[in-house]
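In case you want the letters, here they are:
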Amino acid sequence: MEQNAHHNTETTLETFTIKRTRDLADILGGIIEAFRLLLTGDPELYGILSRSLLFSGTAIILAALWGIPIALLIALKDFRGKTILKTLFSTMIGLPTVVLGLLLFLVFARGSILGPLGLLYAPSGIIIGQALLVTPVLVSIGISAIESVDLEIMSLAKTLGASESQAQMAVLKEALNGVILANVASFNRAIGELGVVLIIGGNIAGGGARTDVLTTAISRATQLGEIGYAVALGILLMIIVFTVNIIVALLRRANQIVELVKHHTLN
Amino acid sequence: MTVVAELKDLTKTYSNKIVVNDVNLQIYEGEILALLGPNGSGKSTILKILAFIESPTGGTVEFQGEKVNYKKTEQVRLQSTLVFQKTALFSTSVYNNVAYGLKIRGVTKSVQEEEVKKALKLVRLEGFEKRPAKKLSGGEQQRVAIARALALKTKLLLLDEPTANLDPKNAGILEEVIETVNRENKVTMVMATHNMFQAEKLPHRIALMSEGKITEIGTPAEVFGKLSKNLASFAAVENTFSGYAKPTSEGTTIVDLGSNVQVEIAEIREGEITIFVNPQDIILCQEPPQSSARNVFNGKITEITDLGNLVNLKVDIGKIFSAQITKRSYNEMTLTLGSQVCIVFKASSVNVF
Numbered sequence: 195m196e197q198n199a200h201h202n203t204e205t206t207l208e209t210f211t212i213k214r215t216r217d218l219a220d221i222l223g224g225i226i227e228a229f230r231l232l233l234t235g236d237p238e239l240y241g242i243l244s245r246s247l248l249f250s251g252t253a254i255i256l257a258a259l260w261g262i263p264i265a266l267l268i269a270l271k272d273f274r275g276k277t278i279l280k281t282l283f284s285t286m287i288g289l290p291t292v293v294l295g296l297l298l299f300l301v302f303a304r305g306s307i308l309g310p311l312g313l314l315y316a317p318s319g320i321i322i323g324q325a326l327l328v329t330p331v332l333v334s335i336g337i338s339a340i341e342s343v344d345l346e347i348m349s350l351a352k353t354l355g356a357s358e359s360q361a362q363m364a365v366l367k368e369a370l371n372g373v374i375l376a377n378v379a380s381f382n383r384a385i386g387e388l389g390v391v392l393i394i395g396g397n398i399a400g401g402g403a404r405t406d407v408l409t410t411a412i413s414r415a416t417q418l419g420e421i422g423y424a425v426a427l428g429i430l431l432m433i434i435v436f437t438v439n440i441i442v443a444l445l446r447r448a449n450q451i452v453e454l455v456k457h458h459t460l461n
Numbered sequence: 010m011t012v013v014a015e016l017k018d019l020t021k022t023y024s025n026k027i028v029v030n031d032v033n034l035q036i037y038e039g040e041i042l043a044l045l046g047p048n049g050s051g052k053s054t055i056l057k058i059l060a061f062i063e064s065p066t067g068g069t070v071e072f073q074g075e076k077v078n079y080k081k082t083e084q085v086r087l088q089s090t091l092v093f094q095k096t097a098l099f100s101t102s103v104y105n106n107v108a109y110g111l112k113i114r115g116v117t118k119s120v121q122e123e124e125v126k127k128a129l130k131l132v133r134l135e136g137f138e139k140r141p142a143k144k145l146s147g148g149e150q151q152r153v154a155i156a157r158a159l160a161l162k163t164k165l166l167l168l169d170e171p172t173a174n175l176d177p178k179n180a181g182i183l184e185e186v187i188e189t190v191n192r193e194n195k196v197t198m199v200m201a202t203h204n205m206f207q208a209e210k211l212p213h214r215i216a217l218m219s220e221g222k223i224t225e226i227g228t229p230a231e232v233f234g235k236l237s238k239n240l241a242s243f244a245a246v247e248n249t250f251s252g253y254a255k256p257t258s259e260g261t262t263i264v265d266l267g268s269n270v271q272v273e274i275a276e277i278r279e280g281e282i283t284i285f286v287n288p289q290d291i292i293l294c295q296e297p298p299q300s301s302a303r304n305v306f307n308g309k310i311t312e313i314t315d316l317g318n319l320v321n322l323k324v325d326i327g328k329i330f331s332a333q334i335t336k337r338s339y340n341e342m343t344l345t346l347g348s349q350v351c352i353v354f355k356a357s358s359v360n361v362f
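Listed in order, the protein sequences are those of chains A and B.
For the first sequence, our numbering begins at 195 and goes up steadily by one.
For the second sequence, our numbering begins at 10 and goes up steadily by one.
It should be emphasised that the hints constitute simulated quantities derived from the structure, not laboratory data.
All figures in this text were calculated on a predicted structure; none of them were measured in a lab.
Treat the hints loosely; a few may be bogus.
[Stated by the list, open to error] Covered stretches of chain A (chain B as the covering partner; in silico rule of three or more C-beta atoms under 8 Å from a C-beta of chain B):
(1) 363-376
(2) 427-438
[As the list claims (entries may be wrong)] Listed below are the simulated DSS-like cross-link pairs for lysine-lysine, each with C-alpha atoms no more than 30 Å apart in a straight line:
(3) Lys367/A to Lys162/B
(4) Lys26/B to Lys80/B
(5) Lys143/B to Lys367/A
(6) Lys80/B to Lys210/B
Note that CB positions come from ideal geometry on N, CA and C, so glycine has one too.
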């Protein structure tokens, strides 16, 4: 009996070792497979990529449509509860994506308030969900960008003849770098989040309106042991995030260099 | 004389602090009116109300014969513009700065270009169109701000301490521009200043302000005439002092300002007079120099104000004198509050009223 037990333990250990070796090989093979998929332009892979870009891109545009006016309003107007509102938005940045996903699920679910709109398990639901998710980031960074602009700019624009909204646009223009940063930070949060897109989107990989994106596809591929696929998707996700940040950094530097060159050549 | 704007019983309070107190004032077409008074006397607030970007707490403002509704100023704002004391520019090219108000008014591009060019020529910044405005020197930036206001050809041009933070060269250029534009284009101007010397030179009329009220109004000669008799209300204007003048045998005059301060002036006067020394005419040094300057005093620094390119220092020599020096000199001399310094100015730098 005792011997048997001992034997069993050994077998388990043996199996474990074999499994681990196989996993390592899987991972190495996965990385090679990933590069093959990336380089050969695997249509499935790039389909997921373009969906991610489309959903998160649209979500940012949507969030900017309401987020920037909200940021302008909070930053430029004096009203009761302004500080509370600002604190609320900055606190909401930390809201776990899964919690927001769950809340939206309850509202979007069939039979719920917004059930008839068919947002659950649909691209539109993901876009709205991500837009709501990034709103606190966009508004908070937007507010500090706008508040950092000299207060006199508003009065300046007005005394030069601008209407209230034209003066606000002048302030926004001065805060442009910060507002772009707010959008980039929001995009990064949207494209990298899993909670909302998993719960609201449902990770549907077949049929008419597919809802699987980079993050959900990575999670599924990993569970299914398709390591190569998961790694390839992961690499794509990292490339996007880095590329967006590098482009923004380059644009800002290019702008500075152009100004510097202009300054020195003209002096 | 046609009245462009009129303030009637105007009052402005900020959280219970009265800044403008029951002011009545008419502004005539084509004149330069100076609001002269110390900081905090309500000059800037009156300008903002005349620019329609600040609304009065009490009283009314009539503009070109019509009562201004401060809840709806979008239209009337197009006819009055204010150049701020602290230069404010958009972070873009000089051209875009100067053209901003023209674009708002829907002026065509070719007219825009022409007007920008003309305005820049007036402030002697021809060819500066493409330069980033914020990379210019402080004086050039203020000239861009003036050009931007001039390009609009508003009925009323308001200038808040237009030369306060500028070096003498830039200040001179701006004073010339103000004079030329007023003479040639008949632009009506109201300017706030605490520089008595400027108030004597440029404007047709002066309104003397103290604690939110206008205490005297009239031509420079009238106002300064009264001023020497009643100076107590005006003591807060920097570098303005009254004292008893006594001629010397060398053809100059010694003015005793009290507190052991005696200033030599380059003309013969006797009796109670008022003097003003431009802060920019005062030289600051650490040791009393061997020089031809007649007025040398030892004192210590009691206040330091950063004005961007310039630094304003208050020096206590028994009386408080303000001196303006460049930021670079300030850094090189490593001055701090309480530093012992001496101030030097020529007898001919003293303006006498």
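Do the hints match the structure? See the list:
no. : hint                 : verdict
1   : 363-376              : holds (count 3)
2   : 427-438              : violated (count 0)
3   : Lys367/A to Lys162/B : holds (25 Å)
4   : Lys26/B to Lys80/B   : holds (22 Å)
5   : Lys143/B to Lys367/A : holds (15 Å)
6   : Lys80/B to Lys210/B  : violated (37 Å)
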